[in-house]
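Trainee: Chain by chain, the residues run as shown.
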Amino acid sequence: MKSILDENISLKHEKDENGIKITVLSSFDEPLFLPLINEDITLILNPHVSLKLLEKEISSNQRKYILKEGATLKHNFLILNAEHEENREIEIEKNATWEVGYGDFSYSSYHSIMHCYLKGEGAMGSFHLASLARNDAKKIFDINFTHEVSLTESIMENYGVIRDEASLSFIGIGHIKRGAKKAKAKQATKIMVFDKKCNASASPILKIDENDVLASHAAAEGRINEEHLFYLMSRGLKEEEAKKIITLGYLNPILPFMFDDEIKKEVESIILERM
Amino acid sequence: MKTLTINNLHVAVEGKEILKGVNLTLHAGESIALLGPNGHGKSTLLSVIMGHPKYQITEGTILLDGENVSKMKVDERSKKGLFLAMQYPSEVPGVVNIDFLKAAMNAHRDTPIKLFEFYKEMENASKKMSIPMDMATRYLNEGFSGGEKKRNEILQMLLLKPSLAMLDEIDSGLDVDALGMVSEAIKEMQDESRAFLVVSHYARLYHLIHPTRAVVMINGKIVLDGDPSLIERIDHEGYEWIQEELGIQIKKDEVNMNSTSIGTCAIKESLNKEGKK
Numbered sequence: 000m001k002s003i004l005d006e007n008i009s010l011k012h013e014k015d016e017n018g019i020k021i022t023v024l025s026s027f028d029e030p031l032f033l034p035l036i037n038e039d040i041t042l043i044l045n046p047h048v049s050l051k052l053l054e055k056e057i058s059s060n061q062r063k064y065i066l067k068e069g070a071t072l073k074h075n076f077l078i079l080n081a082e083h084e085e086n087r088e089i090e091i092e093k094n095a096t097w098e099v100g101y102g103d104f105s106y107s108s109y110h111s112i113m114h115c116y117l118k119g120e121g122a123m124g125s126f127h128l129a130s131l132a133r134n135d136a137k138k139i140f141d142i143n144f145t146h147e148v149s150l151t152e153s154i155m156e157n158y159g160v161i162r163d164e165a166s167l168s169f170i171g172i173g174h175i176k177r178g179a180k181k182a183k184a185k186q187a188t189k190i191m192v193f194d195k196k197c198n199a200s201a202s203p204i205l206k207i208d209e210n211d212v213l214a215s216h217a218a219a220e221g222r223i224n225e226e227h228l229f230y231l232m233s234r235g236l237k238e239e240e241a242k243k244i245i246t247l248g249y250l251n252p253i254l255p256f257m258f259d260d261e262i263k264k265e266v267e268s269i270i271l272e273r274m
Numbered sequence: 000m001k002t003l004t005i006n007n008l009h010v011a012v013e014g015k016e017i018l019k020g021v022n023l024t025l026h027a028g029e030s031i032a033l034l035g036p037n038g039h040g041k042s043t044l045l046s047v048i049m050g051h052p053k054y055q056i057t058e059g060t061i062l063l064d065g066e067n068v069s070k071m072k073v074d075e076r077s078k079k080g081l082f083l084a085m086q087y088p089s090e091v092p093g094v095v096n097i098d099f100l101k102a103a104m105n106a107h108r109d110t111p112i113k114l115f116e117f118y119k120e121m122e123n124a125s126k127k128m129s130i131p132m133d134m135a136t137r138y139l140n141e142g143f144s145g146g147e148k149k150r151n152e153i154l155q156m157l158l159l160k161p162s163l164a165m166l167d168e169i170d171s172g173l174d175v176d177a178l179g180m181v182s183e184a185i186k187e188m189q190d191e192s193r194a195f196l197v198v199s200h201y202a203r204l205y206h207l208i209h210p211t212r213a214v215v216m217i218n219g220k221i222v223l224d225g226d227p228s229l230i231e232r233i234d235h236e237g238y239e240w241i242q243e244e245l246g247i248q249i250k251k252d253e254v255n256m257n258s259t260s261i262g263t264c265a266i267k268e269s270l271n272k273e274g275k276k
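First to last, the protein sequences are chains G and D.
Quick note on numbering that gives the first Met the number 0: the first sequence kicks off at 0 and runs consecutively.
Quick note on numbering that gives the first Met the number 0: the second sequence kicks off at 0 and runs consecutively.
Accuracy of the hints is not assured; some may be wrong.
Said to hold, decoys possible - Which residues of chain D face chain G? A few of them, derived with a C-beta cut under 8 Å, are: (1) Pro52; (2) Leu83; (3) Gly93; (4) Ala202.
Unchecked claim - With a straight-line cut-off of 30 Å between C-alpha atoms, the simulated DSSO-like cross-links for lysine-lysine are: (5) G:Lys237 <-> D:Lys113; (6) D:Lys251 <-> G:Lys243; (7) D:Lys148 <-> G:Lys237; (8) G:Lys183 <-> G:Lys93; (9) G:Lys237 <-> D:Lys79; (10) G:Lys189 <-> D:Lys79; (11) G:Lys55 <-> G:Lys181; (12) D:Lys72 <-> G:Lys237.
What the hints assert, rightly or not - Per label pair, the in silico range of CB-to-CB distance: (13) G:Met0 <-> D:Glu122: 35 to 41 Å; (14) D:Glu122 <-> G:Lys195: 41 to 47 Å; (15) D:Glu66 <-> G:Lys264: 38 to 44 Å; (16) G:Gly221 <-> D:Asp64: 45 to 51 Å; (17) D:Glu120 <-> G:Glu272: 27 to 33 Å; (18) D:Thr110 <-> G:Gly221: 35 to 41 Å; (19) D:Gly246 <-> G:Lys195: 47 to 53 Å.
Hints were generated in silico from the structure; no laboratory data involved.
Ideal Cβ placement from N, Cα and C applies to all residues, glycine included.
Could you put the whole structure together from the sequences, leaning on the hints where they help?
Mentor: Structure (structure tokens):
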């Protein structure tokens, strides 16, 4: 996979005191990746450009993404090590789409803050997260969508599995501003807790200043289903193996949003390995 | 498996005793029809033999060829040849049917099954159960109809080739064709090395698979153990005659009528109920 920082006729790189600005001038078929670099980065997708972007490293520097009219960013995150707080801002203009498959399987504590602004009619943000928290890690995902104009849509699905003494929080606000008529916002959060000392919290918030909208939010937390475990074990699967398979099943709703078969396989094998 | 011996088995769930001293011995080569009114412990017995964590054995033993089954983990029991086709198979979201079946088959082998061999067995079993191969790529039992779930249970039985297959109301929810397929699969597996313990409320399934023995469970005990003619008699006359002939009182199903009706608050009712517990 090629780096988005490499020279390419479809990319324009600029650098000033505000960091690096990358403009994607035309669409890419092949996915690109963003390597770890300790600079603020602004990525701009020109109108009607589509790009698949993979990020594996977390930087403490600011990341900003601007999707111009009709642009599509299919964005994958596969986080295996994270020690920073990450801070991302996304601006989505008219008819542009940001589609995210986010897999976080790091052992460390982690604080992710995302602010997504739906700025043009027909703008769409679709965010799908699977997180596995183990040992004594404390993870916080603060995912926010702001609907600024009408006919905008946001989907947020967060799935979490917690083991040992780890803690995991899904917070964030879906905000529909006054005048954002026919906006749609959907938030769903599910957390499965394995051990007694785990700490789970899910508090998706909807803040709605407009009447003519469609919005829903749901949160569920629970232990592994005893019937499921019994069923799998009654066919010969060891307890650990059955738990792994159930966990994989629990986290794999993000797989359809991973754009590459290689990444899908990697996600599956990491879940099995890190469980 | 040669013999499964159940001795004076007492089982409780959440403090309530359901099995009250079950004695039963099964030998390889036998197919046993387990009969009895609803709520008298048939499903409990099967689940306990398989090791469902909900049930506590308070007294008695289950021995498989002399080995204490109740000390074994659920997966060990499966590896020893026990199999339970469940009355209500779980829907497990996100777990792909075919991946699960492969993992289950591998659990019963020393070396992982070759892909080609696995597909051959799958195809063969799927054909017998008339399960389209694309169902294998769906999530385990999710969105399957009642009949499809039951056929999927028998498909697993065909793949795992257990030495004691316990079938809990496998015929409920099956249409005539599916019942035919299921009974064919059972018949094909009936031989000297295997035993079947089959719970059903209908003589129809038994007519197709020809049990060698019939036992009747009432009030958490086996009260009759005899030849298959028992099936006919119960099918025609019900269980009342047992009450008279053996002088036992058949406990009726406790039906807790929900006091909720239109105009009452269901949440309040259930909270009240919780409070009383």
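Trainee: Hey, Lys251 of chain D versus Lys243 of chain G, does the alpha-carbon distance stay inside 30 Å?
Mentor: violated (43 Å)
Trainee: Measure nothing beyond the straight line between the CA atoms of Lys189 of chain G and Lys79 of chain D; if it is 30 Å or shorter, mark the hint as holding.
Mentor: violated (36 Å)
Trainee: Does Lys148 of chain D pair with Lys237 of chain G here, judged by a C-alpha cut-off of 30 Å?
Mentor: Status holds; Cα separation ~23 Å.
Trainee: Tell me if the beta carbons of Thr110 of chain D and Gly221 of chain G are separated by a distance inside 35 to 41 Å.
Mentor: About 37 Å separates the Cβ atoms of Thr110 of chain D and Gly221 of chain G, which means 35 to 41 Å holds.
Trainee: Within a Cα-Cα threshold of 30 Å, do Lys237 of chain G and Lys79 of chain D meet the stated pairing?
Mentor: OK: Lys237 of chain G and Lys79 of chain D at ~13 Å, within 30 Å.
Trainee: With respect to the beta-carbon atoms only, verify the hint that Glu122 of chain D and Lys195 of chain G lie 41 to 47 Å apart.
Mentor: Roughly 45 Å apart at Cβ, these two residues keep to the hinted range, so it holds.
Trainee: Given the hinted pair Lys72 of chain D and Lys237 of chain G, is their Cα-Cα distance within 30 Å?
Mentor: holds (9 Å)
Trainee: Is it true that the CA of Lys55 of chain G sits at most 30 Å from the CA of Lys181 of chain G?
Mentor: violated (35 Å)
Trainee: Given a hinted range of 47 to 53 Å, is it respected by the beta-carbon distance of Gly246 of chain D and Lys195 of chain G?
Mentor: Given a distance of about 51 Å, which is inside 47 to 53 Å, the answer is holds.
Trainee: Would you settle whether the hint for Pro52 of chain D is holds or violated, based on the nearest Cβ-Cβ distance to chain G being less than 8 Å?
Mentor: With Cβ-Cβ at 6 Å, under 8 Å, it holds.
Trainee: Was the hint right that Ala202 of chain D lines chain G, CB cutoff 8 Å?
Mentor: For Ala202 of chain D, the interface hint is violated, since the closest Cβ of chain G sits about 28 Å away, which is over 8 Å.
Trainee: For the pair Glu66 of chain D and Lys264 of chain G, does the Cβ-Cβ distance stay inside 38 to 44 Å?
Mentor: holds (41 Å)
Of the hints listed earlier, those the structure fails to meet are numbers 4, 6, 10, 11, 16, in rising order.
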